[in-house]
Amino acid sequence: SAVISQKPSRDICQRGTSLTIQCQVDSQVTMMFWYRQQPGQSLTLIATANQGSEATYESGFVIDKFPISRPNLTFSTLTVSNMSPEDSSIYLCSVEFVNTIYFGEGSWLTVV
Amino acid sequence: KNQVEQSPQSLIILEGKNCTLQCNYTVSPFSNLRWYKQDTGRGPVSLTIMTFSENTKSNGRYTATLDADTKQSSLHITASQLSDSASYICVVSWVGSGNTGKLIFGQGTTLQVKP
Numbered sequence: 001s002a003v004i005s006q007k008p009s010r011d012i013c014q015r016g017t018s019l020t021i022q023c024q025v026d027s028q029v030t031m032m033f034w035y036r037q038q039p040g041q042s043l044t045l046i047a048t049a050n051q052g053s054e055a056t057y058e059s060g061f062v063i064d065k066f067p068i069s070r071p072n073l074t075f076s077t078l079t080v081s082n083m084s085p086e087d088s089s090i091y092l093c094s095v096e097f098v099n100t101i102y103f104g105e106g107s108w109l110t111v112v
Numbered sequence: 001k002n003q004v005e006q007s008p009q010s011l012i013i014l015e016g017k018n019c020t021l022q023c024n025y026t027v028s029p030f031s032n033l034r035w036y037k038q039d040t041g042r043g044p045v046s047l048t049i050m051t052f053s054e055n056t057k058s059n060g061r062y063t064a065t066l067d068a069d070t071k072q073s074s075l076h077i078t079a080s081q082l083s084d085s086a087s088y089i090c091v092v093s094w095v096g097s098g099n100t101g102k103l104i105f106g107q108g109t110t111l112q113v114k115p
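Keeping their order, the protein sequence lines are chains A and B.
Yeah, the first sequence ends on 112 if you go by my numbering, and it's all consecutive.
Yeah, the second sequence ends on 115 if you go by my numbering, and it's all consecutive.
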């Protein structure tokens, strides 16, 4: 199995600020995925982070708002930039390892 | 349009009882179907994964079924426990052109098990 560690687990952020979420995996994986889960909703894919190349963003998500880094095969970061209350969500890191999709515990962000 | 619909939206049962959650999908072409359990404030945890050629998969008290012809899946929970209280999410993997298994998520069924 793959174990994913996410930081921070929770944070309260001021409007207009930016926050970077870290995702560490205990195994080397080709692709890492970032999801958003708004209150009471299911998961929405933000982007796919590939090591050594630009992240691939889904419709409705842009790099300026959600810049992603993927410096190696076990680590990625997602930054939520210029936050507004609408960005209050759980952000989840995910990987596929040996045909199973694993999720981190999520980072609960509340923007005030 | 590729969609995954789950029912019921929420469910309350008594401890020890069985229940069945439903998942209908219109995803095509389809690679596999997964069921996840998500406790409040936690990330989803995989329960089962089935390819189109499999029609049942068990994981302890959880049994998933799949009918690829009717595009329906169910998750049956036997002898429910208080710890089964969670959201259960059906996820279908879509193999579109140039796409390697994009996941389509259902809205989830929120299960509450009462003593």
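It should be emphasised that the hints constitute simulated quantities derived from the structure, not laboratory data.
Since the model is a prediction, treat every value here as computed from it, not as a measurement.
Watch out, some of these pointers could steer you wrong.
Unchecked claim - Label pairs and their in silico Cβ distance ranges:
1. Q28/A - P29/B: 42 to 52 Å
2. A79/B - N50/A: 27 to 37 Å
3. L11/B - V112/A: 11 to 21 Å
4. S83/B - N50/A: 32 to 42 Å
5. A79/B - V98/A: 24 to 34 Å
6. S83/B - S59/A: 34 to 44 Å
7. Q14/A - D67/B: 27 to 37 Å
8. V112/A - Q107/B: 19 to 29 Å
9. S58/B - E54/A: 33 to 43 Å
Built from N, CA and C at the ideal position, the CB exists for glycine as well.
We went through each hint and held it up to the structure:
Remark: the range hint 42 to 52 Å for Q28/A to P29/B is contradicted by a beta-carbon distance near 29 Å. For A79/B and N50/A, the Cβ-Cβ distance of about 43 Å falls outside the hinted range of 27 to 37 Å, so the restraint is violated. Evaluation of the 11 to 21 Å hint for L11/B and V112/A yields a failure: the beta carbon distance comes to about 34 Å. Checked against the given bound of 32 to 42 Å, the beta carbons of S83/B and N50/A, roughly 37 Å apart, stay inside it.
A hinted range of 24 to 34 Å for the beta carbons of A79/B and V98/A is consistent with their spacing of about 30 Å. For the pair S83/B and S59/A, the beta carbons lie near 37 Å from each other, so the given range of 34 to 44 Å is met. For the pair Q14/A and D67/B, the supplied restraint of 27 to 37 Å is violated, since their beta-carbon distance comes to about 50 Å. In this structure the supplied range 19 to 29 Å holds for V112/A paired with Q107/B, their Cβ-Cβ distance being about 27 Å.
The hinted range of 33 to 43 Å is satisfied by S58/B and E54/A, whose Cβ atoms lie roughly 41 Å apart.
In the structure shown, a violation is registered for the earlier hints numbered 1, 2, 3, 7, in ascending order.
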